[in-house]
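Dock chains B and C against the given chain A, drawing on the hints supplied.
Order-wise, the sequence lines are chains A, B and C. Its first residue numbered 2, the first sequence is counted upward by one per residue in our numbering. Its first residue numbered 4, the second sequence is counted upward by one per residue in our numbering. Its first residue numbered 49, the third sequence is counted upward by one per residue in our numbering.
Everything labelled a hint here was simulated from the structure, so no lab data went into it. Glycine is no exception: its CB is placed at the ideal position from the N, C-alpha and C atoms. No false leads were mixed into what you were given.
Stretch by stretch, here's where chain C covers chain B in the computed footprint (C-beta under 8 Å, at least three residues): (1) 11 to 23; (2) 364 to 373.
In the BS3-like style, the derived pairs of lysine-lysine whose C-alpha atoms are separated by at most 30 Å in a straight line are: (3) A/K270 x C/K143; (4) B/K366 x B/K209; (5) A/K42 x A/K129; (6) C/K106 x C/K248; (7) C/K62 x C/K248; (8) B/K295 x C/K143; (9) B/K295 x C/K180; (10) B/K18 x A/K190; (11) B/K61 x A/K295.
Listed next, the stretches of chain A that the computed footprint assigns to chain B, with coverage defined by at least 3 CB atoms under 8 Å from CB atoms of chain B: (12) 106 to 115; (13) 156 to 167; (14) 270 to 280.
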Amino acid sequence: MNNLIDSDKNDEEIIEEKLYLLDLINESEMKVNALKEKDWKTLLDIDLKEEENSMYPIENEIKKRDGYYTSTWPNLFTRETRYKMNKWMAERNIQPVFRYDFISWMTIYDIAFQDEIIEEIVKIRIVKYDSSGISFLNHVSQYIFGIVGAIFFLFLFGDIVTKEGYGKYGPIHFLKTMPIHRGKILISKLITILLVSMITLLIITIFSLLLGTVFDRFGDLDYPVLIYGENYTHQLIEMSSFLIQSVLLFLMVLLFCFSLLFLFSMLTKTILPALGLTIVTVYIGITFSENAIKSSFSSLNPFHYFTVPKIITNELAASINNFDFSFTRGLLVFFISSLILFSLTYLLDYFSIRHFKKNRL
Amino acid sequence: MMLTFELKKHIFNKKFFILSTLLIVCVLLLFSRNFVFQSYIPKEQLQEIDNYIKTSQKNGTQYEEVLKNEPNNEEIKQLQKLNYMMINILYDWRNTRSSNDWKSNLQLENDFLTVALQFKELGGDFPLSQTEMNRTITFNEKLLELNIKPEHENYSIALPNFLKNVIDLLMNFGAFILIILFIGDTLSSEYENRTANLLYTQPLNKANIINAKFITSIFVYLISVLLIIIITFITTYLFGKKGTFSYPVMIERNQSLDFISIGDYILQGMTIVTCLVLLLISLLLFFSLLVKHTLTTIFLVMVTFALGYMISLINWNILYWVNPFQYLLASDKILIQNEYVWYQGIPSALLITMIFYIINIVKIKSSRVV
Amino acid sequence: MIIHIENLKKRYKKEWVLKGININVDTPQIIALVGPNGSGKTTLLNCMTNLLSINEGKVQLVGKNHNDPSIFKEVSYHQDNRILYGHLTGYDHLKFICNVQKIPLKAIDPVCERVGINYLKKQVRYYSLGMKQHLLLAMAIINQPKLLLLDEPLNGLDPTSAITMRNILLDLYAEGTTILISSHNLDEIDRLTNTIFFMKDGSILEESLLDLNNRHYEVLVSDWNKAKQILNEKGIAFSVTNQNQIAFSENDLNLQTFIHLMNDNEIIIEDIDKKKIGAEKRYQELFEGIGST
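If we strip away everything but chain A, and leave its shape as in the complex, we get (with noise of 0.2 Å):
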């Protein structure tokens, strides 16, 4: 300990600085014991004390800048979030996902770094590992939610439309001699492969949750989860609602991607095409969106929705400062253009029999 302390300090300082060290260590001490007890409460009041108890308090922070945030890391926002979450944690004793440290957390406030060497760090270690189900299923969602997963869908139920042989002889001509109704066919198609993605995906949650409960735990439904608010300001939600949430917005991205399937199958009326041409779409979709994103009508732009965790978590929204973007107008969003390109779809077989009949004559 003497060679931590400056030699060219007054005695009292010295004194001052060794009972700070001590504390430190005792602190240190504390909070092996209760990682090794798995005390994850006590862990956790211990970090909060030290928050409480640093040099330069949040709150105080908070009201000299008079509500300006900073953008280098650990932001304002970044050590609030952070104290909440492990005030949320501590109250219902919940175990940490590792890392849990102050460098192994970050937030789209972060947006400059004092050197490359912190960034580097930081970066590294905002990654979390984590096998309890819940958090696997988490770590999963992040991947299937979005355009990957929306891909696998297509690539699963590509040809449902195609294969009924539209526009040559096919298993159509059976469907349309009988008493159905043609918006029939395509509306319990529709209905079909959004069944069956429900329960791929209950099964993709099933196995994800028995794999982390058999090789470690279930893990916290209630686990905090930040979602993002106009002006710094924010909220934590339970991980189960933010999964369910997710797993809403997704299957309304499928049903908007499957849409969009539907309609370039009737254009196209062949697997290849039809398929290639809606993956072609979302993949411009989301890219030339992303240019455009600043723009007063880019919340009602459905390709911005992809990206399901950050719609929820308003992520999207407070990047570009716009909280237009939300998960209720995410679902509403998709649910119009789905329905917009649907009736396209509908038409588009109407007309094709129209025209039919009428060379035909």
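Quick look at chains B and C alone, frame taken from chain A:
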């Protein structure tokens, strides 16, 4: 004669015509977007400067508060001094922005960033990373050195820059999707539609089927690339700007910043894309022979490329030599050349293409229609 | 040997679909392959032409192994119309065959005239089923093959086209081509050939060289009950038709003998109707157990 038959099958197909038209439309739409956004660019840049001014003013207010209580705080005094310098430069920059004097603009931007770097080094808070600032300074210096007017990275209507945008799309998954659309079902559809029965009941060396399909696929790829380039040239000639192929592109080479010309970037990019396309065609034919089903073939090819690309993320030097799937997002391979050179994986890509080509020829000889 | 198939066996997963087929043909002839749906006719043809792999046995066509692509210089296979490319024209298909078979393009016109095609420039997707069958026939005969395999070539053909096809096949046979035809049209089979392979459940039941002289008679007599009695007493095989005619086969009872028998018993013969035992009759006997006594 198999080749002419094959070419006719592809070129005189309605699908080829429609996809080619869509390709032209996409390029035109991209150019239109850039054209429309020309008026947005200066607004965006002014907005950026205004944001910096706002940040600096907030910082200034904070420092004034601190200095009221600690008038002898040298650190804050120094920060305040630098902050005032930044504000002054920002105002000058803002005023010059609206004029056409791009050289002054670049110089002022560099002056501002230089001061901002010092500011950050002293512990000041600013929403720009040092890496970003250094890159911008270096890039601006290069532009001034070469006496080339800066173009917007995404919305340029100058020929070389717009061509780079288009090639970037091709390099980052675009060519992959293009080939899959155009020739993804070249062999699998023969089995699905039973037209393979016609080919299999002719006195043909079956290897000729693979040869013809491979060459036709390359031909289709070349036609589509040519189409893209021609449309790009025409639109920029009619509605855009001439630009220069010496426009610098910043790359990271051996942990330091370097430059290549946009012309070189485009050439390197097209080389990588072409090698990747050859590999893709080989794999498409391979999986088509294996599963004889279009959807499954394309899924397997995509999974192969995805897995191969994920392997390339492992930081292991030997992979840069042997893993051709690293070129799936090819622009990264040119822009960041820290532990490798952009062409390192090309020989292995070509070798693996040849290997699969030979496997395809051997496999088709013993394959049946079912 | 034009066709030499020895113990050909083919299996789909666990089910044997061809169970030891043996066919030997060494002189040009027309052979029909007849059987119910699912008996393995198309599978046999596809195995012969190496479109499907075989599990056991040996197949040689025109003296060469069936997996040698050069056999298709002398062997043609008229298949399902799905092998045609919808967006290409009939001419494109024939041109392709000419190029592959190294036949001059001027052979296309005479073949089209022979088959009755005048719509070569149209894309195949606009062809009716019959038009596609015509095109397939033209594609199959343009190289003047030694062996012509046909799978259901009469599907979708109108009576005129069916007659045309029959005449073409007979001409080809006269020119020395061996023809193996699979068909459900038993009338046409009768008009084409006297050699029929009846297939059932992957096996050849019978190689029938129908005896053209084997006649079947249906005789109208004045007292058919008395005639019945007499024939029963003699132990002669016969049957009675719906029109109360006495029906018997030449093999069972000679016509002259029958006439004498009737005269001796003062039964007047009012009408004699002579019928040939054809493929249909034999098919019924083999697959439906109808006929005999």
